[in-house]
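Protein chains: 2
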Amino acid sequence: MSLKRIEQHRSFNGELCKYSHYSEVLQCEMTFSLYLPSNEEIKKIPLIWWLSGLTCTDDNFSQKSGFQRLAEKHQVAVIIPDTSPRGENVPDDEAWDLGQGASFYLDATQDPWAKHYKMYTYITDELTALASTLVPHFSGKESIMGHSMGGHGALVIGMKNAARFQAISAFSPILSPSQAPWGIKAFTAYLGEDKASWKEWDASELVKEASVPPVLITQGSQDAFYPKQLEETVFLKHAREKDRVVHYTKKEGYDHSYFFIATFLDEHFAFHMNYLR
Amino acid sequence: MSLKRIEQHRSFNGELCKYSHYSEVLQCEMTFSLYLPSNEEIKKIPLIWWLSGLTCTDDNFSQKSGFQRLAEKHQVAVIIPDTSPRGENVPDDEAWDLGQGASFYLDATQDPWAKHYKMYTYITDELTALASTLVPHFSGKESIMGHSMGGHGALVIGMKNAARFQAISAFSPILSPSQAPWGIKAFTAYLGEDKASWKEWDASELVKEASVPPVLITQGSQDAFYPKQLEETVFLKHAREKDRVVHYTKKEGYDHSYFFIATFLDEHFAFHMNYLR
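Here the protein sequences come in this chain order: A and B. Take the first sequence: its position 31, counted from the start at 1, is 31 in this note's numbering, and no numbers get skipped. Take the second sequence: its position 23, counted from the start at 1, is 23 in this note's numbering, and no numbers get skipped.
No wet-lab data here; the hints were simulated from the structure. Warning: the hint list may mix true and false statements.
Which copy is meant is left open, because identical chains are indistinguishable; a pair holds if it fits in one copy or across any two.
List time: in silico DSSO-like cross-link candidates among lysine-lysine, alpha-carbon distance up to 27 Å [what the hints assert, rightly or not]:
{"hint": "1", "residue 1": "K73", "residue 2": "K250"}
{"hint": "2", "residue 1": "K73", "residue 2": "K251"}
{"hint": "3", "residue 1": "K18", "residue 2": "K4"}
{"hint": "4", "residue 1": "K199", "residue 2": "K237"}
In isolation and in its complexed conformation, chain A is listed as follows (with noise of 0.2 Å):
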């Protein structure tokens, strides 16, 4: 066991911390963070995952959202992995939109990416395994929410473990990563020029599958990358014909930073809790 806490941080009556470890399933040094609420009560809490965008680490969720005060207020587990493998025997790509930074949260078949890029595999798998030891008193509930290339990466694996996870929530999604400029560029690299291989990591057919959990999306009116990355209308058809619970949101004048996340928070917060408790 490799893991050692770097960093410590008494928050909102809870505590962050800041984990390093040796990921065997990524073959490279990771780091994650966790927040764990007061529990004064001692009660069973139950855990949310939340996965962040491109260029982001597990920092930028940790500083600049404000979520601690809503994880303590309603009694909640956070933990937030990094967005991909990283270090220099990692392979990485010049773009800010391929390589370290920009895993898309899938397991990847062709090289160079195939040796440490399984972030599906390291969050459902091994980091799964290493925070049900960190989380005290935890319920066994669990929910999973995302921001852009996170928000893709919260409605695939919360999609692909619908037994697992009671309910999914994005801000600003990829919803359909095979026909986003984004997402077909990581899609090829990652799983090659074959496109049926594609419809596994792709939310707007996953929300076809027998079971969904529900699932809210918050998109601002004013972001940059809405529509040509963010389009939302295959995977709305696609829960409509379906019948899921999804609720998809549009905020007048917002974009695509973590101001408007830090606004929407609770809201997201309040719906997770519903299926939590």
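Dock chain B against the given chain A, drawing on the hints supplied.
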């Protein structure tokens, strides 16, 4: 008028803007940030000044404190200056606690600092005039808060202008800069060896003045810079002798970070609003 708006974000129903302008006082290009609440009822609104600490810019408070939620809740504008003059032509030092990012919010008298390092006059004069043009329906009521070096700045500027500022608050402030390593280093460089000239920039001395606004100070018990840089004894002794309204509270387990500030910022806004309404 060289004022340019370089960023604009809707945030908690109000608007956060970042500006750049040429400062005649500082003889360089400067940035600052301003938050305007929604003011949907079109009432007169007050203005709070925030001063950040060593190594910061106006971005730290904007991005890490979550203050926008409270500014919108209380319908108060917030202005955030940078922490020093900036640019290639502005003298600097290799150390992080002197020069750019470390102005100590005073008017320097010593070379090479005297030409540019006039942050006291910049804030109380030039930026004040600019702010009055940027805050619609300004009530004319102002208060000031800050963190660490900016807590020192808030106390000094607030007490030197007691008729203007209705209240002062500080997180982990340098309360006796003339006796703390950071302050001694900066004052020696900016003001010279004669300690008589230091008194007008030392909160522990200014608190003895004829008129002092009400003060709230919050200090974390696990702050790595406490008590060495942030000793409160002399300030509190002088405040008590003069019967000042000074609330000094210690928060168990909290450190020097923005996680600490974010946790207790609601108490500070509530304190200020008592005097700004």
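Practice task
Pop the pair K73 and K251 into one bin, within, between, both or neither, using alpha-carbon distances up to 27 Å.
Solution key: This pair counts as both: shortest intra-copy Cα distance 24 Å, inter-copy 19 Å.
Problem - 27 Å Cα threshold - placement of K237 relative to K199 - result: within (16 Å within a copy, 70 Å between copies)
Practice task
Tell me, please, which holds for K18 and K4 at an alpha-carbon limit of 27 Å: within, between, both or neither?
Solution key: Classified as within: same-chain Cα gap 9 Å, cross-chain 38 Å, threshold 27 Å.
Practice task
Give the relationship of K73 and K250 under a CA distance limit of 27 Å: within one copy only, between copies only, both, or neither.
Solution key: For K73 and K250, the Cα distance is within 27 Å both inside one copy (26 Å) and across copies (22 Å).
Hint violations for this structure: none, all hints satisfied.
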